Amino acid sequence: MNSNEQHLLSKIATGNGHGENSPYFDGWKAFESNPFHLTNNPEGVIQMGLAENQLCFDLIQEWILNNPQASICTPEGVNDFREIAIFQDYHGLPEFRNAVAKFMEKVRGNRVRFDPDRIVMSGGATGGHETLAFCLADPGEAFLVPTPYYPGFDRDLRWRTGVQLLPVVCESSNDFKVTRKALEDAYERAQEANIRVKGLLITNPSNPLGTILDKQTLRELVSFINEKSIHLICDEIYAATVFSQPGFISISEIIEEEKDIACNRDLIHIVYSLSKDMGFPGFRVGIVYSYKDTVVHCCRKMSSFGLVSSQTQHLIASMLSDDAFVDRFLAESAERLERRYKFLTCSLAEVVIDCLKSNAGLFLCMDLRHLLKNKTFEAEMELWQVIINEVKLNVSSGSSFHCSEPGWFRVCFANMDDSTMEVALTRIRTFVRQHKDVKIPKRKCWNSNLRLSFSSLRVDAQSMLSPHSPVQSPLVRARN
Amino acid sequence: MAIEIEQPSVGLSKVAVSDTHGEDSPYFAGWKAYDENPYDELNNPLGVIQMGLAENQVSFDLLEEYLEEHSEASSWGKGASGFRENALFQDYHGLKSFRKAMASFMEQIRGGRVKFDPERVVLTAGATAANELLTFILADPGDALLVPTPYYPGFDRDLRWRTGVKIVPIHCDSSNNFQITPEALEAAYNNAKAMNIKVRGVLITNPSNPLGATIQRLVLEEILDFVTRKNIHLVSDEIYSGSVFSPTEFISVAEILEARKFKDSERVHIVYSLSKDLGLPGFRVGTIYSYNDKVVTTARRMSSFTLISSQTQHLLASMLSNKAFTENYIMINRERLRKRYEMIIEGLRSSGIECLKGNAGLFCWMNLSPLLDKPTREGELALWDSMLHEVKLNISPGSSCHCSEPGWFRVCFANMSELTLQVALKRIHIFMEKKGGERNQQIFSQ
Numbered sequence: 001m002n003s004n005e006q007h008l009l010s011k012i013a014t015g016n017g018h019g020e021n022s023p024y025f026d027g028w029k030a031f032e033s034n035p036f037h038l039t040n041n042p043e044g045v046i047q048m049g050l051a052e053n054q055l056c057f058d059l060i061q062e063w064i065l066n067n068p069q070a071s072i073c074t075p076e077g078v079n080d081f082r083e084i085a086i087f088q089d090y091h092g093l094p095e096f097r098n099a100v101a102k103f104m105e106k107v108r109g110n111r112v113r114f115d116p117d118r119i120v121m122s123g124g125a126t127g128g129h130e131t132l133a134f135c136l137a138d139p140g141e142a143f144l145v146p147t148p149y150y151p152g153f154d155r156d157l158r159w160r161t162g163v164q165l166l167p168v169v170c171e172s173s174n175d176f177k178v179t180r181k182a183l184e185d186a187y188e189r190a191q192e193a194n195i196r197v198k199g200l201l202i203t204n205p206s207n208p209l210g211t212i213l214d215k216q217t218l219r220e221l222v223s224f225i226n227e228k229s230i231h232l233i234c235d236e237i238y239a240a241t242v243f244s245q246p247g248f249i250s251i252s253e254i255i256e257e258e259k260d261i262a263c264n265r266d267l268i269h270i271v272y273s274l275s276k277d278m279g280f281p282g283f284r285v286g287i288v289y290s291y292k293d294t295v296v297h298c299c300r301k302m303s304s305f306g307l308v309s310s311q312t313q314h315l316i317a318s319m320l321s322d323d324a325f326v327d328r329f330l331a332e333s334a335e336r337l338e339r340r341y342k343f344l345t346c347s348l349a350e351v352v353i354d355c356l357k358s359n360a361g362l363f364l365c366m367d368l369r370h371l372l373k374n375k376t377f378e379a380e381m382e383l384w385q386v387i388i389n390e391v392k393l394n395v396s397s398g399s400s401f402h403c404s405e406p407g408w409f410r411v412c413f414a415n416m417d418d419s420t421m422e423v424a425l426t427r428i429r430t431f432v433r434q435h436k437d438v439k440i441p442k443r444k445c446w447n448s449n450l451r452l453s454f455s456s457l458r459v460d461a462q463s464m465l466s467p468h469s470p471v472q473s474p475l476v477r478a479r480n
Numbered sequence: 481m482a483i484e485i486e487q488p489s490v491g492l493s494k495v496a497v498s499d500t501h502g503e504d505s506p507y508f509a510g511w512k513a514y515d516e517n518p519y520d521e522l523n524n525p526l527g528v529i530q531m532g533l534a535e536n537q538v539s540f541d542l543l544e545e546y547l548e549e550h551s552e553a554s555s556w557g558k559g560a561s562g563f564r565e566n567a568l569f570q571d572y573h574g575l576k577s578f579r580k581a582m583a584s585f586m587e588q589i590r591g592g593r594v595k596f597d598p599e600r601v602v603l604t605a606g607a608t609a610a611n612e613l614l615t616f617i618l619a620d621p622g623d624a625l626l627v628p629t630p631y632y633p634g635f636d637r638d639l640r641w642r643t644g645v646k647i648v649p650i651h652c653d654s655s656n657n658f659q660i661t662p663e664a665l666e667a668a669y670n671n672a673k674a675m676n677i678k679v680r681g682v683l684i685t686n687p688s689n690p691l692g693a694t695i696q697r698l699v700l701e702e703i704l705d706f707v708t709r710k711n712i713h714l715v716s717d718e719i720y721s722g723s724v725f726s727p728t729e730f731i732s733v734a735e736i737l738e739a740r741k742f743k744d745s746e747r748v749h750i751v752y753s754l755s756k757d758l759g760l761p762g763f764r765v766g767t768i769y770s771y772n773d774k775v776v777t778t779a780r781r782m783s784s785f786t787l788i789s790s791q792t793q794h795l796l797a798s799m800l801s802n803k804a805f806t807e808n809y810i811m812i813n814r815e816r817l818r819k820r821y822e823m824i825i826e827g828l829r830s831s832g833i834e835c836l837k838g839n840a841g842l843f844c845w846m847n848l849s850p851l852l853d854k855p856t857r858e859g860e861l862a863l864w865d866s867m868l869h870e871v872k873l874n875i876s877p878g879s880s881c882h883c884s885e886p887g888w889f890r891v892c893f894a895n896m897s898e899l900t901l902q903v904a905l906k907r908i909h910i911f912m913e914k915k916g917g918e919r920n921q922q923i924f925s926q
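Top to bottom, those sequences are chains A and B.
Mapping the first sequence onto this note's numbering, position 407 (from 1) lands on 407, and the numbers just tick up by one.
Positions in the second sequence are counted from 1; adding 480 to them yields this note's numbering.
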């Protein structure tokens with residue numbers, strides 16, 4: 001593009017705010033140019049950098065077949081076509097909002113109520129975050145975010161809004177817990193730099209850590225934001241991926257239940273989506289839930305820029321109001337995630353690779369600090385290059401998540417079938433043996449109980465990884 | 481329950497507290513009256529008839545028929561086998577089959593006179609998102625886009641609200657059927673300059689909303705020359721291109737570019753959507769077609785905030801790649817809209833009301849200036865109020881479209897049955913007779 005064209009576009013357009021130059025995406029290029037396929041390309045790169053939930057599609061498919069009326073394309077559902085096709089009201093279909101509210105309640109063990117009138121649609125959680133940023137902060141103002149955090153936030157919260165993200169540094173010494181000191185330090189740094197902090201953004205369960213916030217920490221956060229009079233944005237997109245104890249505690253529960261902490265509800269906003277819990281990233285079902293009326297109204301108006309397709313609202317309304325199905329799905333999904341997690345952690349432990357103890361998410365954090373040449377991010381990058389190019393696994397480096405310490409890598413485990421997972425583990429085993437004098441303990445973790453078996457699912461690696469799907473730069477997946 | 485504490489709540493952003501969302505415009509006030517008392521043929525025959533909503537409801541039977549005959553292709557195939565792949569697909573390039581189908585559909589609408597490259601089709605959740613997105617890309621906060629008046633009231637929000645970009649009007653009036661002139665373009669540009677505002681582009685809607693008329697070739701050429709001279713962009717919102725009553729009367733900016741062998745085309749961007757031509761506003765299907773590589777790349781990245789549901793892309797890919805279906809649809813839809821248009825024009829004429837000569841869209845541009853008590857915006861709003869509360873018709877006052885001449889109203893005709901349209905015309909007839917009678921009284925009593 002010539003220089004004439006260059007200045008013909010806006011600063012937003014010509015800058016790097018789109019975030020695609022982050023090292024987070026380098027591994028994807030290796031994957032895209034050489035994608036693994038069980039039969040057609042068994043030496044290819046295995047994608048372990050994509051946080052997708054592919055473990056329960058058999059259940060969904062069964063439901064779809066048994067509920068043709070949920071689609072407006074089938075003979076059973078086409079009578080609804082006209083009405084649905086015309087429906088563009090930014091309040092959303094009432095049955096959609098009711099079903100989503102109920103689903104969110106179920107995911108939280110029915111310990112809280114969600115008001116369907118506070119459910120606002122957005123273009124995925126990606127759109128939800130951007131909308132909240134537009135609503136809560138002016139250009140130049142900032143949100144605090146605990147590290148490590150999802151790299152997409154750099155684009156979602158900052159690109160078109162002009163809002164800044166300031167890190168709240170968390171460390172492995174206490175399992176990356178968010179401490180009051182870290183919060184205060186971050187806030188003070190902002191003050192010194194003359195940056196106005198408007199809010200704190202937390203992801204719970206955490207991406208990339210896969211951990212959940214305990215009650216003590218949640219109370220601490222609520223107390224902090226109340227003191228500073230700033231907003232609290234809680235991204236609970238992985239809420240239903242909690243697969244073992246301790247149980248998930250939502251911010252909504254803290255507001256409802258905690259009797260002895262000061263809490264201005266007007267400061268609390270939740271971002272949600274069906275992309276992770278249900279495995280429907282393509283359907284762009286994002287939700288903003290705010291306890292402050294004016295925020296609900298503002299975000300609803302802004303939702304005009306990213307409404308959920310009425311066709312999809314109709315399908316989701318039908319699916320999520322099927323109580324029996326939802327109950328079964330949530331239980332089965334958690335069970336399958338746990339099995340996958342145990343299989344992976346056990347196998348890694350065999351080669352003396354530790355993981356951060358976690359109980360949620362579609363990924364875990366591998367501790368490869370002992371494999372680093374030295375304690376630097378350069379060494380981390382080097383190791384990562386080796387993992388991509390020699391071991392042929394696309395995992396995500398901690399630095400791409402703004403982790404303060406080198407040596408941590410996020411590994412996704414819910415976006416592939418068992419066979420692929422086994423190949424990945426074989427490669428890791430081989431690599432560790434070749435590169436370190438590591439004593440492999442006698443105990444084995446190849447426990448068939450830990451394998452997932454889908455008797456009704458067509459276990460076909462071809463369809464699982466689909467080399468046919470256009471693979472491009474990872475941000476093409478709006479969220480991962 | 482946690483202790484609720486009274487606190488001056490921390491403020492929201494300037495964007496949030498501004499009223500640039502535009503919902504306080506009279507454009508929307510009529511809706512309230514309609515919502516409170518909506519017309520229904522059987523249950524509420526005296527209710528307010530909604531004529532302020534530019535929706536296309538005349539061709540649903542064609543879509544329903546298609547779905548009935550192709551339900552498996554439109555759905556997830558046999559045994560829902562395609563579900564998983566579809567549900568996982570969040571690539572911002574969009575389904576290739578859908579992009580191809582959109583490009584092909586857009587070509588058919590233009591009678592095959594232009595070619596569209598599917599690789600330049602960027603998908604957004606509606607034209608609302610497309611217009612905002614383009615504005616983010618083409619202009620910085622504080623800059624301006626020039627927009628001919630009268631224009632679609634939603635632009636005030638879509639182009640300005642979150643972007644911080646301004647709209648400077650290109651004034652058009654009835655002396656030449658509201659056509660855009662080179663003088664008006666220059667005047668608008670100089671106006672912006674005088675206010676120290678940097679102009680980044682011109683945004684036209686062709687066919688025009690609210691005029692219901694296509695822009696002539698000569699005018700398009702002049703606009704293209706103007707933006708080239710000023711080194712600015714041209715956005716052509718062609719959302720009503722499939723709703724032109726005669727197949728030969730619409731000239732897309734794409735045709736002009738092709739004729740010029742794409743010289744200076746990298747400043748041109750087309751916005752399209754299926755909300756009007758196919759009557760599918762709920763599905764949120766918008767597209768940006770840009771001749772500028774960098775704009776395509778950037779727009780695609782930005783579309784992450786507003787992707788089209790893969791479920792919907794899949795359904796429409798199937799439907800729009802069926803050429804027999806689309807050719808037939810386009811032809812029949814045009815015909816039905818033309819008939820509706822003729823019905824309303826005839827009905828209004830027989831009541832003594834003239835409209836701007838139109839040839840496209842889902843509405844006509846009605847001239848009620850002879851009825852105004854005062855030739856002012858207040859006079860227009862007073863008349864609008866009587867139309868709403870006495871005649872019980874919700875029509876859109878020209879002032880909400882930033883029309884510089886009072887007395888013009890946009891009246892939609894495609895969002896109701898023929899019977900309802902007849903009822904509306906009857907009410908107008910009675911109203912006009914009454915007005916005529918009053919005038920006679922006034923004359924006699926003077």
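Hints listed in this document are in silico derivations from the structure and should not be mistaken for laboratory results.
In this text, all values refer to a predicted model and were calculated from it rather than measured experimentally.
Hints may contain errors.
Computed footprint of chain A on chain B; a stretch qualifies when at least three of its residues, placed anywhere within it, have a C-beta under 8 Å from a C-beta of chain A [claimed, not checked]:
#1 686-692
#2 755-761
#3 821-835
#4 868-881
With a Cα cut of at most 25 Å, we get these calculated DSS-like pairs of lysine-lysine [claimed, not checked]:
#5 B:580 <-> A:11
#6 B:819 <-> B:837
#7 A:215 <-> A:106
#8 B:914 <-> B:854
#9 B:710 <-> A:29
#10 B:854 <-> A:301
#11 B:914 <-> B:576
#12 A:29 <-> A:177
#13 A:11 <-> B:803
#14 A:11 <-> B:512
#15 B:837 <-> B:576
#16 A:215 <-> A:228
#17 B:774 <-> B:819
#18 B:906 <-> A:301
#19 B:774 <-> B:837
#20 B:595 <-> B:580
#21 B:803 <-> A:29
#22 A:301 <-> B:646
#23 B:646 <-> A:228
#24 A:11 <-> B:914
The beta-carbon is built from N, C-alpha and C at its ideal position, and this holds for glycine as well.
Consistency of the hints with the structure:
1. 686-692: violated (count 0)
2. 755-761: holds (count 4)
3. 821-835: violated (count 0)
4. 868-881: Result for this restraint: violated, n = 0.
5. B:580 <-> A:11: Distance of about 31 Å is beyond 25 Å: violated.
6. B:819 <-> B:837: Cα-Cα ~15 Å, so holds.
7. A:215 <-> A:106: Given pair residue 215 of chain A, residue 106 of chain A holds - Cα atoms ~19 Å apart, limit 25 Å.
8. B:914 <-> B:854: holds, 19 Å
9. B:710 <-> A:29: violated, 40 Å
10. B:854 <-> A:301: The hint is violated at about 35 Å.
11. B:914 <-> B:576: Distance of about 58 Å is beyond 25 Å: violated.
12. A:29 <-> A:177: Not satisfied, since the Cα-Cα distance of roughly 33 Å exceeds 25 Å.
13. A:11 <-> B:803: Violated, because 41 Å separates the two Cα atoms, which is more than 25 Å.
14. A:11 <-> B:512: Given that 25 Å is the threshold and the Cα spacing comes to 40 Å, the pair is violated.
15. B:837 <-> B:576: Violated - the C-alpha atoms of residue 576 of chain B and residue 837 of chain B are around 40 Å apart, more than 25 Å.
16. A:215 <-> A:228: This hinted pair holds, its Cα atoms lying about 20 Å apart.
17. B:774 <-> B:819: Not OK: residue 774 of chain B and residue 819 of chain B at ~43 Å, beyond 25 Å, violated.
18. B:906 <-> A:301: violated, 36 Å
19. B:774 <-> B:837: Distance ~39 Å between residue 774 of chain B and residue 837 of chain B Cα, so the pair is violated.
20. B:595 <-> B:580: holds, 11 Å
21. B:803 <-> A:29: Given pair residue 803 of chain B, residue 29 of chain A is violated - Cα atoms ~37 Å apart, limit 25 Å.
22. A:301 <-> B:646: Judged against 25 Å, a Cα distance of about 19 Å means the pair holds.
23. B:646 <-> A:228: violated, 35 Å
24. A:11 <-> B:914: violated, 58 Å
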